[in-house]
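Trainee: Now for the letters of each chain:
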Amino acid sequence: MTGSDALLRHLQKLGEEETSLIGGKQYTQSQIRMAERIVQDLRDDLEKASIKPKLSRRRAFIVILEELYYDVPEYPSELTLGNIHRRASLRFEYMNRNIKAFKTPTEVHPKDPCTYYEDNAHGKARYRVALEYLVNEFDRYFKEPNAEFTLKNKSNEIKLC
Amino acid sequence: MAEIIYDILNFDKPIGEKSFRDTLNELEGKDSNTLKTVLSKEQLNSLVVILFAYGLHYDELTEEKRRRFLNTLIEEKLPLFQMSKTFAGHLLNNLNQGAEAEIQNLLQMEYNIQEILSNERLLDFVEMELLDPTTSFRKWEYGRYAMAYLGQKVFGHIKWDKILDKKSCLQKLGEQLDKQNGKIDSQEKQFLQMMSKGMLVPQKTNMAEFLLIGSYVQEHMMKLSVRIKELSKILERAIQKEISRQKGKEGPNL
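If you're matching them up, the sequences are chains D and B in order.
Going left to right, the first sequence walks through residues -8 to 152 as this note's numbering numbers them.
Going left to right, the second sequence walks through residues 506 to 759 as this note's numbering numbers them.
Calculated directly from the structure, the hints in this document are not laboratory data.
Fair warning: there could be bad hints in the mix.
[Claimed, not checked] Only pairs whose alpha carbons sit at most 27 Å apart, straight line, appear in this in silico BS3-like list of lysine-lysine:
#, chain 1, residue 1, chain 2, residue 2
1, B, K541, D, K91
2, D, K91, D, K43
3, D, K16, B, K738
4, B, K518, D, K91
[To be verified] Only part of the chain D face toward chain B is listed, based on derived beta-carbon distances under 8 Å:
#, residue
5, G15
6, Y18
7, Q20
8, S21
9, Q22
10, I23
11, A26
12, R50
13, E84
14, H113
15, A116
16, V120
17, A121
18, Y124
19, D130
20, R131
Predicted model, so just to flag it, every value in this text is computed and none were measured.
Cβ atoms here follow ideal geometry from the backbone N, Cα and C, with glycine treated the same way.
Can you make the complete structure from the sequences, with help from the hints?
Mentor: Structure below.
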């Protein structure tokens, strides 16, 4: 087991190698990934318990829907948000609350977003925000690599229409 | 694919000072309908800040305790949570254009200020625009903020400037902490060591360290609230011992 003294020494060494961030105005995703990998490696040694990632409910639903149905043109008619909620809450931690704002999978993550949001500019803007973040953070939340391509397509599509 | 670049949060702008308790007092004074109330920008921000702090920390508690936790946040019974609240204030100062537009929309709406978790669209905003970033790419920034905040409010009274050899202090600190009476677990020890490094050589603190502090504080804020006074005393004693040790090594002062 790595003691915290060893951890501190390790991080100290890293601190000497890494160019200082302080004072900068921006940072990159690669820097974040690097830091996260280091912390993850160290934490795996220190504590085995893995914690569910936190993610907003809406985005958690989108992750599950896209992973399960990225390769079909329509959601199955019997699919309910209750099913999705159950799966999503196993994978992600999000604030417990009722799901009355959304009633169907299509309302959360429409298969044809341009048509679905045709007369709803506000809804479209919020949906775009939800997708954009998931595209950028794909590796953090998704387990199904095949869903990346379709998710990106949808995100690009909704930006243009 | 092009590298994704994030802007560092700008902490220069002042944050709103109105607490949600103030908002509630104002509305009660006006006899407003607490189930459907339009809020001013400042009032809305005060509500957002509570929802953010709740969203960031609720899962440290079992479900039956969460309601009470929300109330303690509103009544400001746990001072340490002020840190997450002020962080939310800074996030609100750094919104992008789309999020700013959504705030404008949200200002047009009516809110249930009795059951604040029932305001779905506002929760959506808090989750998607504030919490998701803070638990992912901005978590290290939260950690950096936590270090600065705690360094000032909790560990600021410790005589850091009396440490002559910072490097040797950091190497010995683990031992000194183990010698203190007062039990700390391995995570707390690591937290105190990391905080000390931030106090002694702030320019050498790197992203991974900020991230580790950020994760620890996000996940253990409640436990920290209970323990922080004790931890502060333990660290103070350890640093005091270290100051004496270093003086002794130098030989008697003439």
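Trainee: Hints first: check each against the structure and report whether it holds.
Mentor: Going down the list of hints, with the structure as the test:
1. B/K541 to D/K91: holds (18 Å)
2. D/K91 to D/K43: holds (24 Å)
3. D/K16 to B/K738: violated (36 Å)
4. B/K518 to D/K91: violated (37 Å)
5. G15: holds (6 Å)
6. Y18: holds (6 Å)
7. Q20: With Cβ-Cβ at 4 Å, under 8 Å, it holds.
8. S21: Hint on D/S21: holds, closest Cβ of chain B at ~6 Å, below 8 Å.
9. Q22: Check passed: Cβ of D/Q22 comes within 6 Å of chain B, closer than 8 Å.
10. I23: Because about 5 Å separates D/I23 from the closest Cβ in chain B, which is inside the 8 Å limit, the hint holds.
11. A26: At 4 Å from the nearest chain B Cβ, D/A26 passes the 8 Å test, so the hint holds.
12. R50: holds (7 Å)
13. E84: holds (5 Å)
14. H113: holds (7 Å)
15. A116: holds (6 Å)
16. V120: holds (6 Å)
17. A121: holds (6 Å)
18. Y124: holds (6 Å)
19. D130: Constraint on D/D130 not satisfied, violated at 11 Å.
20. R131: holds (6 Å)
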